Amino acid sequence: GNSVTQMEGPVTLSEEAFLTINCTYTATGYPSLFWYVQYPGEGLQLLLKATKADDKGSNKGFEATYRKETTSFHLEKGSVQVSDSAVYFCALGSQQGGSYIPTFGRGTSLIVHP
Amino acid sequence: DTAVSQTPKYLVTQMGNDKSIKCEQNLGHDTMYWYKQDSKKFLKIMFSYNNKELIINETVPNRFSPKSPDKAHLNLHINSLELGDSAVYFCASSPLLAGVVMNEQFFGPGTRLTVL
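Protein sequences appear in the order of chains A and B.
Per our numbering, the first sequence starts with residue 371, numbered consecutively.
Per our numbering, the second sequence starts with residue 305, numbered consecutively.
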């Protein structure tokens with residue numbers, strides 16, 4: 371079956387530091403890949419996505435590139451802000467036997483200090 | 305103009321009770337989901353449902369049942385609540401693209417269920 375593995379958190383950074391959150395996946399076929407963000411007390415919201423190999427998703431200064439050869443979709447940001455403190459989820463979506471199966475990683479908590 | 309809404313936001317109840325959580329989406333999506341998020345933020349899919357098919361995660365106890373009165377609503381009914389059911393429950397929806405569900409999901413704000 372499909373699976374998503376994320377680095378364990380929490381990740382603690384100072385403001386303006388560089389961020390990387392690693393994500394690797396196992397899937398059959400050609401999945402779409404996503405990063406979602408969950409701010410405290412809220413639901414998940416889509417941060418960025420990529421639908422095929424070598425695609426780069428980007429939004430709000432965050433980027434991730436779909437690497438089929440390494441089955442990875444690492445999230446990066448060049449300079450984090452306190453307001454980026456949240457839980458980040460890597461996810462994939464694929465068709466299996468005519469049904470859509472979303473699979474989420476366990477989430478990585480990011481804490482940014484001023 | 306909320307896209308995916310859930311009610312109630314908080315639900316506190318006694319063990320053994322039966323309760324329901326309601327979910328509505330006004331996005332015109334065809335597929336809806338229910339997720340359970342535990343205290344460590346682990347997100348577990350419980351059900352996915354469109355107007356043709358219900359897919360149940362086989363690890364979900366049969367005390368949980370989704371009910372869909374129409375395409376825009378997917379309610380979650382829970383019988384005989386247990387302490388371990390305490391969690392945050394999220395509803396989500398996805399559009400179909402050329403008959404294939406491959407796009408992102410839109411999540412509701414969550415319902416925090418506490419079983420005493």
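Please keep in mind that the hints were generated in silico from the structure rather than gathered at the bench.
As the structure is a prediction and not an experimental result, all values here were calculated from the model.
Watch out, some of these pointers could steer you wrong.
[What the hints assert, rightly or not] One side of the interface only, derived from the structure: several residues of chain A facing chain B at Cβ under 7 angstroms:
#1 Tyr409
#2 Leu414
#3 Leu416
#4 Lys419
#5 Ala423
#6 Phe474
#7 Arg476
#8 Gly477
#9 Ile481
Every residue, glycine too, gets a C-beta built ideally from N, C-alpha and C.
Satisfaction of the leucine 414 of chain A interface hint, Cβ to chain B closer than 7 angstroms: 4 angstroms, holds
Can you verify the interface hint for leucine 416 of chain A: is its Cβ closer than 7 angstroms to any Cβ in chain B? Status holds, d = 4 angstroms.
inquiry  = Given alanine 423 of chain A as an interface hint, is its Cβ closer than 7 angstroms to any Cβ of chain B?
reply    = 15 angstroms, violated
Discussion item. Using the nearest Cβ pair, does glycine 477 of chain A come within less than 7 angstroms of chain B?
Written reply: At 4 angstroms from the nearest chain B Cβ, glycine 477 of chain A passes the 7 angstroms test, so the hint holds.
Exercise. Does isoleucine 481 of chain A meet its interface restraint, that is, does its C-beta lie within less than 7 angstroms of any C-beta in chain B?
Worked result: 13 angstroms, violated
message = Next item in the hint list is lysine 419 of chain A. Is there a CB on chain B closer than 7 angstroms to its CB?
response = With a closest approach of 6 angstroms, the lysine 419 of chain A hint holds.
Would you check whether arginine 476 of chain A satisfies its interface hint, that is, whether its CB is within less than 7 angstroms of any CB in chain B? 5 angstroms, holds
Hint validity - tyrosine 409 of chain A Cβ closer than 7 angstroms to any chain B Cβ
11 angstroms, violated
Would the stated hint for phenylalanine 474 of chain A survive a check requiring a Cβ distance to chain B of less than 7 angstroms?
5 angstroms, holds
Hints 1, 5, 9, counting from the list given before, are not met by this structure.
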